[in-house]
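J.: Below, each chain spelled out in residue letters.
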Amino acid sequence: MNLTLKIWRQKNHSDKGGFKEYKVSDISKDMSFLEMLDVLNEQLSDSGEDPVHFDHDCREGICGMCSLHINGKPHGPKQTTTCQLHMRSFSDGETITIEPWRATAFPVVKDLVVDRSSFDRIIQAGGYVSVNTGGVPDANEIPIPKRIADEAFDAATCIGCGACVAACKNASAMLFTSAKISQLAMLPQGQVERKERAERMIAQMDSEGFGACTNTGACSAECPKGISLTNIARMNREYFSAVVSSDNV
Amino acid sequence: MILDSKLPDGPLAEKWTKHKFNIKLVNPANKRKYEVIVVGTGLAGASAAASLAELGYNVKAFCFQDSPRRAHSIAAQGGINAAKNYQNDGDSVYRLFYDTIKGGDYRAREANVFRLAEVSVNIIDQCVAQGVPFAREYGGLLANRSFGGAQVSRTFYARGQTGQQLLLGAYSALSRQVANGKVKLYPRTELMDVVTVDGKARGIITRNLITGAIESHSAHAVLLCTGGYGNVFFLSTNAMGSNVTAAWRAHKKGALMANPCYTQIHPTCIPVSGDHQSKLTLMSESLRNDGRVWVPATIEMAEKLRKGQIKANDIKEEDRDYYLERKYPSFGNLVPRDVASRNAKYVCDEGRGVNETGEAVFLDFRDAIQRDGEDLIRAKYGNLFDMYQQITGENPYQGPMMIYPAVHYTMGGLWVDYNLMTNIPGLYALGEANFSDHGANRLGASALMQGLADGYFVIPYTIGDYLAQSGYDKISEDHPEFKKSEKEVKDRVQKLLSIKGEKTVDHFHKRLGKIMWDYCGMARSAEGLTKAKGMIKELKKEFWSNVKVLGDNEELNQSLEKAHRVADFIELGELMVDDALHREESCGGHFREEYQTPEGEALRDDENFAYVAAWKYQGEGQEEELVKEPLVFENVKLTQRSYK
Amino acid sequence: MSWVTKTFKSTLGQKLLMALTGLFLILFLVVHLAGNLQLLLPDEGESFNIYAHSMATNPLIRVVSIGNFAFILIHVIYSVVLTRSNKKARPVNYAVSQASTNSKWASRNMGILGTVILIFLIIHLRGFWYEFKFGELPTAVYDGVTYKNVFAIVSEAFSNIAYVIVYVLSMAFLGFHLSHGFASAFQTLGLNHVKYSPLIQKVGAGFAIIIPALFALIPVLMYIKTL
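So the protein lines, in turn, are chains A, B and C. With the numbering used here applied, the first sequence closes on residue 249, and no number is skipped along the way. With the numbering used here applied, the second sequence closes on residue 644, and no number is skipped along the way. With the numbering used here applied, the third sequence closes on residue 227, and no number is skipped along the way.
Keep in mind that the hints were calculated from the coordinates and are not lab data. Where is the CB? At the ideal position from N, CA and C, for every residue including glycine. Treat the hints loosely; a few may be bogus.
[Said to hold, decoys possible] Straight-line C-alpha distance at most 25 Å; calculated DMTMM-like pairs for lysine to aspartate or glutamate:
1. B:K514 with A:E42
2. B:K184 with A:D206
3. C:K6 with A:D247
4. C:K6 with A:E208
5. A:K23 with B:D605
6. C:K9 with A:D206
7. B:K562 with A:E208
8. B:K20 with B:E629
9. C:K9 with A:E42
10. B:K304 with B:E317
11. B:K495 with A:D115
12. A:K29 with B:D605
13. A:K6 with B:E555
14. B:K182 with A:E42
15. A:K29 with B:D506
16. A:K11 with B:D506
[To be verified] Residues from chain B shown here face chain A by an in silico Cβ test under 7 Å; the list is partial:
17. R70
18. S175
19. A239
20. S273
21. S278
22. Q494
23. G501
24. T504
25. N553
26. L556
[Claimed, not checked] For each label pair, taking beta carbons as the anchor points, the in silico distance ranges come out as:
27. B:Y397 with C:K104: 44 to 52 Å
28. B:S92 with A:I142: 17 to 25 Å
29. B:D367 with C:K104: 44 to 52 Å
30. C:V31 with B:N180: 39 to 47 Å
Using the sequences and the hints given, assemble the complete structure.
T.: Here is the structure:
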């Protein structure tokens, strides 16, 4: 396969940046998208041009490090992570446009690399159960209905890649935030700090500069783990009941 | 040099309890006077950082990823072992201990392994309390499964994403301490050197991966929780960024590297599809419960298959060689990882491998689908089949899958004593980064257990023993040792950038990987290893004169990051070869072709090799010194493994 | 900052206001339509004029109508506030976007749809409500009581083909706005449930077609009658 790549290049955060076109040839259909970029980078290195920087690590679809807005969609045409996207999803001669995630809360670091530490700060605001190591009850002391455990698991599969933010027209982080709030709101372990958690995580999410939710559903449709919109509804319920009933004046 | 493993005496089952009582404690009010550096935020690092911060220590946590949640522990699929005996099927702490020692082919310390089994039960309690959504039965209690051929069901799991859920649990505990101000987080920061002052570890030098700034961090103790070094093979199931740099720099500062040749090759990975391949993907071992492994009976047929003249489904039953079932009638397709891997290599070496590359064998579900129906198979393995289809583009319900072994885990690592401290006082190694618990081969679902045991339940006790005796005085980051190390790091960066050679970093990494895989992989021989040593020496010379690293230090520079890592891998590769060459026996993940039983199984030499091989760095270009820690077995009887 | 202001400064609090006011306005549409359908009765506007009069004089209705205006205002103001903060959340747009593959057009263009509806509302209020309240209207007498003959100005307006077209088009916009807004309001309120959400979706879709269609039917039929 021969391809034309239109890639966003930006030297650093303060640089203005712009698109640059590259050609790659002899791309195998069995390559992953990132391996195709590896080929480009070897080619660029050989010719003395700075390789295209992009985030990636596990390359098996679970660490959430890879990103990329490919041909107008986060993680490209398939509902998966970019590292699990293969070149057989593209056709010979195609022009592929590759951009970084675009959001105020995800500033561009370089080329296609963005800073998603805002997600960490949202979790730091309350995405945990406050138990210290040791001194906890036996694991089987709290039975949890299978259905609840399964549903909590579904919410917990979020990999924190940021595709939801990238897909949302408002760059909203509601799906990410709601997945964690939901997981802990459903489980008995999360009950003690339930109200506090919802209030604090949402306040942090707002202060990071993410947008609001218009319920377009784009986040869930593009989520590589298929996190459901019901989590956002649950987060809303958690939040409204928290603000009217918590002790925080 | 004599290594003191500080093993407590007394009966096996009382060692840890007794040891916890005998070691010194730090007064609660004094804990805040100590700074602890934790490098790496995987299961071991995140759990250690969180637990130490909860105790009151001031922690600095470092990771090279953009978030601590992305450490490669996240990719573990299968599960985590614990001797809970919830299933009433005869499990016990002793049985888990015994299985782990035996599975490790009797090359691990009894006391360490017993402690691991002992605290395994606490891990599950801790994770459940954090809100980790483990699989449950309809009654609401935790579910278990049998894993990797174990005779009991002791594996706790969260679908095929156990590592992810456990890591997110540890990450949440870590995040809570970040919010409390007890942990300061340094993401996108890579360790460049370990700083020792008066023989003790007193800090590290790091490089900020965004700005390139070389910085000093002083502390009272340093914990390396930096994972394994499987990427020395270039292709492995490790993450792209997984590296040996932290451990290797510590090694060059005097920390001993133990059993570096013990590497685990996992039999069920998706095969390499071409030269472009950047990493390998593992599929859960559970596939071998129902899938049958085979290759064509003849080389001619395999050739036709590779050329695409016939299809797998065209091959008649009598022309298929179910070689594992044939050679190991009692265990069949469920033989341990090392045996399954080695046999795949044998049939491919004979020329009966499939796939265009000839380096793959079939894993066939045809019979299982006929027996149980497609729906049941889908329910059991659907996510794995989907993953296979996504990567290969082929439908595993219609034809057999192809698999091939790949490097998965490294049992070797920094030598540590019973307290997890290396031979450098104040420098600790936890999780896969140390060598301590798995001997020559790790059992399935035990890596997660060890990472969390070290971080949650061992280091919080043992670090106090050291700190209580070390005083509160902080060493300034302007101390000459820090300045010296900083300069060395800067010089090395400059060196790499100034070579301006012809070949990219990946070029060298791929060549190193091929040498290691060919000569220090699934099967090793004195001849091959000797050859490999020469090749690595050559490669090292060429790397330092012909590598091309573009860009500057003062920016995000992924080629420079990689160059540092690959330079260390090359040096490690040489030591692995030395270790493999010196160990004239076969055990676990280390198979020397010269040492096998008449049936082609690993032949241990307990008389001469029942020891830990710890290697001491002697300086640039010098052969390393071998230091032996004898392994004493007081509780288990050493036997030959047999799976016939 | 008190917890109340804090709540309404949060994105979720603001979305709550949008959802609640939206749902009230949806309810209002039903009441309004019920009144309007009387225009089609073959009584030369008698029922409609009496209905209009009672609406204007009933104190309860007056309170509700003030509320109605307030809600429209809140709905508009917060839509502006939210749109602005949403734009700020993504200052640089994508060069290529395939949003149509992951979401419905209406859901992404509620602001534009709402703006068109607001413009229509202003024209609508100027033409009817303002005239009814402050304008010089012809009168009609039923059973000895004099009523403002609002039916007359309505029929006059609906004899103008341009006005009819604007009205019908605006109802189409309203339909699109409702096609997302109806179910979306429930989702924002957190009312998402496996049992009820499919029903809400269906009712919403039906509502978004039927209500605007009936509204649009009135001027069309009245125009045809004048031919």
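J.: Would the hint on B:L556 be counted as holding, given a Cβ-Cβ threshold of 7 Å to chain A?
T.: This interface hint holds because 4 Å falls under the 7 Å limit.
J.: Verify the interface restraint on B:S278: the C-beta must sit less than 7 Å from at least one C-beta of chain A.
T.: holds, 5 Å
J.: Take the shortest C-beta to C-beta distance between B:S175 and chain A; is it under 7 Å?
T.: holds, 4 Å
J.: Hey, C:K6 versus A:E208, does the alpha-carbon distance stay inside 25 Å?
T.: At roughly 16 Å apart (the allowed maximum being 25 Å), A:E208 and C:K6 satisfy the hint.
J.: Using the nearest Cβ pair, does B:Q494 come within less than 7 Å of chain A?
T.: violated, 18 Å
J.: For the pair supplied as a hint, A:K23 and B:D605, is the alpha-carbon distance within the 25 Å limit?
T.: violated, 57 Å
J.: Taking only the CA atoms, is the gap from B:K562 to A:E208 under or equal to 25 Å?
T.: violated, 32 Å
J.: Take a look at whether the Cβ-Cβ distance between C:V31 and B:N180 falls inside 39 to 47 Å.
T.: violated, 54 Å
J.: Tell me if the straight-line CA distance from B:K304 to B:E317 falls inside 25 Å.
T.: This hinted pair holds, its Cα atoms lying about 17 Å apart.
J.: May I ask you to test the interface hint for B:N553 with respect to chain A, counting a Cβ-Cβ separation under 7 Å as satisfied?
T.: B:N553 check fails; min Cβ-Cβ to chain A is 13 Å, beyond 7 Å.
J.: Could you grab the alpha-carbon distance between B:K182 and A:E42 and see if it respects the 25 Å cut-off?
T.: violated, 43 Å
J.: Hey, does the B:R70 contact hint survive, CB to chain A under 7 Å?
T.: holds, 4 Å
When held up to the earlier numbered hints, the structure conflicts with 5, 7, 9, 11, 12, 14, 22, 23, 25, 27 and 30 and fits the remainder.
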